[in-house]
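Visitor: Chain by chain, the residues run as shown.
Number of protein chains: 2
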Amino acid sequence: MDLKQATPQDLAAALESAEAAYTGLRGCNLALDMTRGKPAPEQLDLADEMLTIVGHGDTAGDDGTDYRNYGILAGIPEARAFFAEYMEVGPKEIVVGGNSSLTMMYDTIMGGMYYGMPGGDAPWKDQGTVKFICPVPGYDRHFAICERLGIEMLTVAKTPEGPDLDAVEELPKDPAVKGIWCVPKYSNPSGETYSDATVQRLAEMPVAAPDFRVVWDNAYNVHHLGDGPAPLANMLDACKQAGNPDRVLMFGSTSKITHAGAGVAVMAASEANVADALKKMFYSSIGPDKINQLRHVRFFKDMAGLLAHMDKQAEIVAPKFAAVDRALETHLAGKGIATWTAPKGGYFVSVEVLDGCASAIIEMANRAGVKLTPAGATHPYGKGPADSFIRLAPTVQSVAEIETAMEVFCACVELVCAKKLQETA
Amino acid sequence: MDLKQATPQDLAAALESAEAAYTGLRGCNLALDMTRGKPAPEQLDLADEMLTIVGHGDTAGDDGTDYRNYGILAGIPEARAFFAEYMEVGPKEIVVGGNSSLTMMYDTIMGGMYYGMPGGDAPWKDQGTVKFICPVPGYDRHFAICERLGIEMLTVAKTPEGPDLDAVEELPKDPAVKGIWCVPKYSNPSGETYSDATVQRLAEMPVAAPDFRVVWDNAYNVHHLGDGPAPLANMLDACKQAGNPDRVLMFGSTSKITHAGAGVAVMAASEANVADALKKMFYSSIGPDKINQLRHVRFFKDMAGLLAHMDKQAEIVAPKFAAVDRALETHLAGKGIATWTAPKGGYFVSVEVLDGCASAIIEMANRAGVKLTPAGATHPYGKGPADSFIRLAPTVQSVAEIETAMEVFCACVELVCAKKLQETA
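Protein chains in written order, with this note's numbering: chain A, 1 to 425; chain C, 1 to 425.
Hints are computed from structural coordinates only; laboratory data are not their basis. Glycine included, each C-beta is placed from N, C-alpha and C at the ideal position. Heads up, some of the hints might be wrong.
Estimated spans, in silico, between C-beta atoms of each pair [what the hints assert, rightly or not]:
#, chain 1, residue 1, chain 2, residue 2, range
1, C, 363, A, 57, 36 to 42 Å
2, A, 31, C, 60, 14 to 20 Å
3, A, 128, C, 174, 29 to 35 Å
4, A, 7, C, 279, 50 to 56 Å
5, C, 279, A, 318, 34 to 40 Å
6, C, 240, A, 20, 55 to 61 Å
7, A, 57, C, 240, 44 to 50 Å
In silico negatives: residues of chain C with every beta carbon more than 10 Å from chain A [as the list claims (entries may be wrong)]:
#, residue
8, 27
9, 284
10, 287
11, 299
Below, simulated SDA-like cross-link-like pairs (lysine to any residue); rule was C-alpha separation at most 20 Å, straight line [to be verified]:
#, chain 1, residue 1, chain 2, residue 2
12, C, 280, A, 150
13, A, 158, A, 197
14, A, 280, C, 144
15, C, 383, C, 403
16, C, 280, A, 113
17, A, 279, C, 382
18, A, 125, C, 92
19, C, 279, A, 381
20, A, 125, C, 6
21, A, 335, A, 19
22, A, 301, A, 116
23, C, 420, C, 115
24, C, 125, A, 158
25, C, 92, C, 118
26, C, 420, C, 385
27, A, 280, C, 283
28, C, 125, A, 129
29, C, 279, A, 141
30, A, 279, C, 144
31, A, 125, C, 128
32, C, 279, A, 57
33, C, 312, A, 335
Take these sequences, add in the hints, and give me the full structure.
Guide: Pasting the structure below:
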């Protein structure tokens, strides 16, 4: 029954029923957390062999270099070759870094602000207002970097094929617009993968700033839910073909492949951008943790090894996403108060509820022991304009825990939305 | 024989003898490197047990937290407690980071420039010219950070007790002076350890800028050559006692204790400074590599374990420093053309030759297959004013290799200096 069309009596009955469900669940003293995209212990276990794969007497690279010592700013050759295949670029187009692609992205944007980017005349901070295009809903940490660095955020909506390009293409006519954040595959939090046309238009669109960059955070490159990684056109190739080889900076990491805190992060870009990044890195580093890079290369052996590893991850993760979808279908389908994504990969399900209801739903769930990402976290400055987006992160809890959490969540959605409809009737 | 007092005949004879020695050594096709303070493989071997000390099923902290996952920006509690003892501060006064204290220091200075420091009214970059005090000779990477960030460097000389404080104390009367670089123990490259009086005066001296910082790079805290770590007064305590608790930011790392590329870096400072650092770090990191921190804590067990480890390091390193000193004494003592340090720890020997001779000596040594740190690298902008400082890094080569390299070096010193004396006679 579509609650928006319901009689006052039916609406009251739905509200009562949701309230009863909620009250019952609240009595269970739950402590469940669906706030962040964290791997579950079972996923981390899959990579534990990596921990002891590099030992005494076995720390040198193929050319005999001792990876325990200083140096090799761009990462060990074995890891550059491996991650070149992972990112679908050449080994010279790769920098393999430390444990965090967020750090690499922050340093990149800060580097643009403070030192400038190839193609530009001056550091961004010396060019007046700096603006970035932010497809929404998006990743809170991207927006936090912009906010922290004083970069103005221009939001554009998303479509099932990526950002709304008609809106995007208007913005870089302003030379103050220096970039766009993109999570091109299994996007955070909305789940879509960019179509070939989206990739091509982003590579080709005219931009006024010669130092404009597409920040391509391919965090979920291989993180499918059972059907294998979704195809995604090669953005660096597309940029090269469009005559804009320096436009894109691509990032990835093994944080959600091996161990979230002890993975390896990579940047892929044109050789000019790689040279610029290494020049900037020189001042802050004598080299990354090469032993941990060696662990990763030895553990995976090759891309087939990594893909087989991700199939095992999918076996663990997919049932959790199925549990989320099942609950949403069971409790909310056809009620006209919520829509949701059914992603083929990544770490999130996005739920859109009636305007003005998201914060109240999250607060109610929290009172019943189910922590959810704050409403608005998916938007710049933490403020969703309509208070309607909720991000669910179902990986870290068990299937049973997710089923319980989703009972709570669905009761909260129905309760808050029915009350809202009652008030506005 | 003091060559400065020698007769022309004696000088010519010395030159001839040095030339003969040099020519002979040049024929040996040497390939020796004394440029950087890198540990030798035998030193790295001492920590190899650490590589496999954390394995499957054994990745949790004392409180059950799984250290394979995201989070814990300040470092795992076990590592904070351990390094608090190492840095002689409280666990809340410690941040344990990634593999590089250089990165932490760069991020700290960049953070001051872009966001400001507690006590200050504005980011340093918005306060006009920013200046740092640079005791010379010093560490090239410190000076490179200043140069890169556009910070003006004010050099002061060093004494056997630390920087020349009469000179230092004049400079912070200018509020544009925001800091001073210090390597307080076994200083790079000059080897001295700061006296208690130096520590106290640095803690107490009046400074005009409320956001002035002493950057205390205690890189060689426990890196003695056999007599145990030199005593060094606790700079954070001294600052607290002087009523300037936020003045100092102390850094350290295990890069030259365990593995140079895969160590753990730490910052120690007042709780206000730690809170500020963590706030800045939040935007660029979801947490450090906690597994590697756990490896370190498990490997050392406690400070006694770390100190015993450093005794083993000293057994390897001390004979190399002795070989350097022996060669300098044998070939150059009493000749009036060079003086040198005999440090009790650290990674370097500093040689001061006749003005205008350092570059030529290094070039000659290089032509004979002995690479030395470029002359002037120990000074801002890579330019020693008198072209007289040479830094020797004798750790990475074997004793036999160092003996050979020092034959070359001493021949080059005598040759270049004797020629200089001939020309200026």
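Visitor: Taking the hints in turn, state whether each one holds.
Guide: Against the structure, the hints come out as follows:
For residue 363 of chain C paired with residue 57 of chain A, a C-beta distance near 39 Å keeps the hint of 36 to 42 Å intact. Between residue 31 of chain A and residue 60 of chain C the Cβ separation comes to about 18 Å, which falls inside the hinted range of 14 to 20 Å. Between residue 128 of chain A and residue 174 of chain C the CB atoms are about 30 Å apart, so this pair conforms to the stated range of 29 to 35 Å. A hinted range of 50 to 56 Å for the beta carbons of residue 7 of chain A and residue 279 of chain C is consistent with their spacing of about 53 Å.
Our hint of 34 to 40 Å for residue 279 of chain C and residue 318 of chain A holds, since their Cβ atoms are close to 38 Å apart. The given range of 55 to 61 Å is respected by residue 240 of chain C and residue 20 of chain A, whose C-beta atoms sit roughly 59 Å from each other. Separation of residue 57 of chain A from residue 240 of chain C is about 46 Å and conforms to the stated range, judged on CB atoms against 44 to 50 Å. Annotated as non-interface, residue 27 of chain C keeps its C-beta farther than 10 Å from every C-beta of chain A; the closest such distance is 27 Å.
Distance to chain A contradicts residue 284 of chain C as a non-interface residue, since its nearest Cβ pair spans about 4 Å, not more than 10 Å. The non-interface label for residue 287 of chain C is inconsistent with chain A: the shortest C-beta to C-beta separation is roughly 5 Å, within 10 Å. The non-interface label for residue 299 of chain C is consistent with chain A: the shortest C-beta to C-beta separation is roughly 12 Å, beyond 10 Å. For the given pair, residue 280 of chain C sits about 14 Å from residue 150 of chain A by alpha-carbon distance, which is consistent with the 20 Å threshold.
For a cut-off of 20 Å, the pair hint linking residue 158 of chain A to residue 197 of chain A stands: about 14 Å separates their Cα positions. At most 20 Å may separate the alpha-carbon atoms for a hinted pair to count; residue 280 of chain A and residue 144 of chain C meet this at roughly 11 Å. For the given pair, residue 383 of chain C sits about 28 Å from residue 403 of chain C by alpha-carbon distance, which is inconsistent with the 20 Å threshold. Distance check on the hinted pair: residue 280 of chain C and residue 113 of chain A sit about 16 Å apart at the alpha-carbon level, within 20 Å; holds.
In summary, the hint linking residue 279 of chain A to residue 382 of chain C is supported, as the alpha carbons are separated by about 17 Å, within the 20 Å threshold. Taking the CA atoms of residue 125 of chain A and residue 92 of chain C, the gap is about 35 Å. The hint is violated against a cut of 20 Å. With a C-alpha separation of about 17 Å, the suggested pair residue 279 of chain C and residue 381 of chain A falls inside the 20 Å cut-off, and the hint holds. A threshold of 20 Å between alpha carbons decides the hint, and for residue 125 of chain A with residue 6 of chain C the separation of about 61 Å lies outside it, so the pair is violated.
Taking the CA atoms of residue 335 of chain A and residue 19 of chain A, the gap is near 16 Å; set against the 20 Å cutoff, the hint holds. A C-alpha spacing of about 37 Å is found between residue 301 of chain A and residue 116 of chain A, which places the hinted pair above 20 Å, so the restraint is violated. Note on residue 420 of chain C and residue 115 of chain C: the hinted pairing is violated, with a Cα-Cα distance of about 50 Å set against a maximum of 20 Å. Restraint check for residue 125 of chain C and residue 158 of chain A: the C-alpha separation of about 37 Å exceeds 20 Å, so the hint is violated.
Distance check on the hinted pair: residue 92 of chain C and residue 118 of chain C sit about 17 Å apart at the alpha-carbon level, within 20 Å; holds. Taken as a hint, the residue 420 of chain C and residue 385 of chain C pair is honoured in the structure, with Cα atoms around 17 Å apart against an allowance of 20 Å. A threshold of 20 Å between alpha carbons decides the hint, and for residue 280 of chain A with residue 283 of chain C the separation of about 19 Å falls inside it, so the pair holds. Between the alpha carbons of residue 125 of chain C and residue 129 of chain A the distance comes to roughly 16 Å, so the proposed pair stays at or under 20 Å and holds.
This hinted pair checks out: residue 279 of chain C and residue 141 of chain A have alpha carbons roughly 14 Å apart, not beyond 20 Å. Of the pairs offered as hints, the one joining residue 279 of chain A and residue 144 of chain C holds, with about 12 Å between alpha carbons and a cut-off of 20 Å not exceeded. The suggested pairing of residue 125 of chain A with residue 128 of chain C holds, with an alpha-carbon distance near 15 Å, which does not exceed 20 Å. The hinted pair formed by residue 279 of chain C and residue 57 of chain A fails the criterion: a straight-line CA distance of about 40 Å is larger than 20 Å.
Taking the CA atoms of residue 312 of chain C and residue 335 of chain A, the gap is about 72 Å. The hint is violated against a cut of 20 Å.
Violated hints for the displayed structure, listed by number in ascending order: 9, 10, 15, 18, 20, 22, 23, 24, 32, 33.
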